[in-house]
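S.K.: Residues per chain are reported as follows:
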Amino acid sequence: MSRRIGVDDGSDMRELLCAVGARRDIDAYERLFRHFAPRVKAYMAKSGGNSQQAEELMQETMIAVWNKAGRFDPSKGAVSTWIFAIARNLRIDAYRRERRPEFDPSDPAFVPDDAAPADTELDVREASEQLHHAIAALPAEQASMLKLSFFEDQSHSAIAARLNLPLGTVKSRMRLAFDKLRASLARAGDVS
Amino acid sequence: MSISHHISDDLLLSYAAGSLAEGWSIAVATHLALCPSCRHRLAVAESVGGGLLETMEDDASVQSSVDQSWADVRSRLQQQDREAPAIRETSVGRGGGLPEPLRSYVGGDFETLKWRPLGRGAYQIPIKTEDRETMVRLLRIPAGKPVPEHSHGGRELTLVLAGSFHDGTGLFARGDLEDADASLTHQPVATPEADCICLAVTDAPLKFRSWIMRAIQPLLGI
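Quick mapping for you: the protein sequence lines, in order, are chains A and B. This note's numbering applies: residue 1 is where the first sequence begins, and numbers increase by one. This note's numbering applies: residue 1 is where the second sequence begins, and numbers increase by one.
Each hint should be verified, as a subset may be incorrect.
A partial selection of chain B residues facing chain A, derived with a Cβ cut-off under 10 Å [to be verified]:
| hint | residue |
| --- | --- |
| 1 | Leu13 |
| 2 | Ala21 |
| 3 | Ile26 |
| 4 | Cys35 |
| 5 | Arg39 |
| 6 | Met56 |
| 7 | Arg74 |
| 8 | Leu77 |
| 9 | Asp81 |
| 10 | Ser104 |
| 11 | Asp131 |
| 12 | Glu193 |
Over the 12 Å line for every Cβ pair with chain A, so calculated as not near, a few chain B residues [claimed, not checked]:
| hint | residue |
| --- | --- |
| 13 | Lys114 |
| 14 | Pro117 |
| 15 | Arg137 |
| 16 | Leu184 |
| 17 | Pro192 |
Rather than coming from a laboratory, the hints here were simulated on the basis of the structure. All C-beta atoms in this analysis are idealised placements derived from N, C-alpha and C, irrespective of residue type, glycine included.
Produce the entire structure from the sequences given, and follow the hints as far as they go.
M.R.: What follows is the structure, encoded as structure tokens:
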């Protein structure tokens, strides 16, 4: 395969992560690492830790990426989303000392999807490109609110207090932003 | 049977972001276990997190240390691979009962629960979390009987796990999530065919309308 590996190309990230999962490909992993490690570290630093804590949590996250790569399903979503979820859970554990309650698809009481047609990898790829465009196009006030919520571990009421806005305004801006992003995914062929 | 009362965007986004306290998250995650359509919405919300992570600007000071970080991680991986690989535990559960993550929190399924009487034929099991803003409990309301009428000091999430209840706003059955705020005073009544078991998460002690209930509320611990 002579395809150039571009660090900003989500589809190539997917190939790299699959190579790690399938073959323990250390070169593929290094490329993933060099792309994501600075982003994950910045994410950890934003949510309240000092630089050393951020470095440790980033390393924990990236080691989990290596260990769990075999469980990544490219038809379910983008690599950045998968890594985000790992980083988020480690952050909750480290900074808030709370458990992260999550559903378990192998639980007998779990209600599986009713034979929904699986999204193809192409759909997922298109959807994440659309989403990136839609995030870039959000009005500043909506984008900054999403970032406060996703990066700085602020509850919606804490955001309201910090921005001196009524809680209802925070919630409605957040919902507006989410609706726009969801609509952008729907246009990319996602069924939601 | 299909679920008709779902997770609000507000809760779903907070859960995806990781900024929702543990108590609320138990109700959200347990609803997700029962509701494929909300899992689709969660996937969208999480991909917002992924998209934002991609937009994280490369900070020069962080970038310059990536070689060192890579060297550290590579040697940690070599170390780890010399040690025995971690075996992932598989969960063993039984069908149709309390879904995860709730089952682990209460430490058993329906038939092994240790109910504590709450008065008027109702029972509860308090559930411990590490967060300080919520109170979490499993409630069992006897078939056909009302929960004492109450309004809320704040938010209350109620997730039905067995049986059903109705109140002024509709019928709630297994998987349905009621999201009530301080403005709602309601009178949930369990439907007559079976006891109703639900997970209740509140962020403040419930305020009962009746002064008698208010007076004994501290004794009941609700």
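S.K.: If a hint holds in the structure, say so; if it doesn't, say that too.
M.R.: Against the structure, the hints:
A cut of 10 Å between beta carbons decides the hint on Leu13 of chain B: the least distance to chain A is about 6 Å, and the hint holds. For the restraint placing Ala21 of chain B at the interface with chain A, the shortest Cβ-Cβ distance is roughly 7 Å, inside the 10 Å limit, so the hint holds. At its closest, the beta carbon of Ile26 of chain B sits 5 Å from a beta carbon of chain A; the interface hint therefore holds under the 10 Å criterion. With its C-beta approaching chain A no nearer than about 7 Å, Cys35 of chain B sits inside the 10 Å limit, and its interface hint holds.
Proximity of Arg39 of chain B to chain A holds as hinted, the smallest CB-CB distance being about 7 Å (cut-off 10 Å). With a least beta-carbon distance of about 4 Å to chain A, the hint placing Met56 of chain B at the interface is held under the 10 Å criterion. Because the smallest distance between the Cβ of Arg74 of chain B and any Cβ of chain A comes to about 8 Å, under 10 Å, the interface hint for this residue holds. Given hint, Leu77 of chain B at the interface with chain A, holds; its Cβ is 6 Å from that chain's nearest Cβ, closer than 10 Å.
For the restraint placing Asp81 of chain B at the interface with chain A, the shortest Cβ-Cβ distance is roughly 9 Å, inside the 10 Å limit, so the hint holds. At its closest, the beta carbon of Ser104 of chain B sits 9 Å from a beta carbon of chain A; the interface hint therefore holds under the 10 Å criterion. The restraint placing Asp131 of chain B at the interface with chain A holds, with a minimum CB-CB distance near 6 Å, inside the 10 Å limit. Checking Glu193 of chain B against chain A: minimum C-beta separation of about 21 Å lies over 10 Å; hint violated.
Look at Lys114 of chain B: its CB is around 20 Å from the nearest CB on chain A, clear of 12 Å, so calling it non-interface holds up. For Pro117 of chain B, the shortest C-beta to C-beta distance to chain A comes to about 27 Å, beyond the 12 Å cut-off, and the non-interface label holds. Arg137 of chain B, annotated as away from the interface, keeps every beta carbon of chain A farther than 12 Å; the closest lies near 15 Å. Non-interface call for Leu184 of chain B relative to chain A: holds, since the shortest CB-CB distance, roughly 16 Å, exceeds 12 Å.
Chain A leaves Pro192 of chain B outside its interface by the beta-carbon criterion, the shortest separation being 25 Å against a cut-off of 12 Å.
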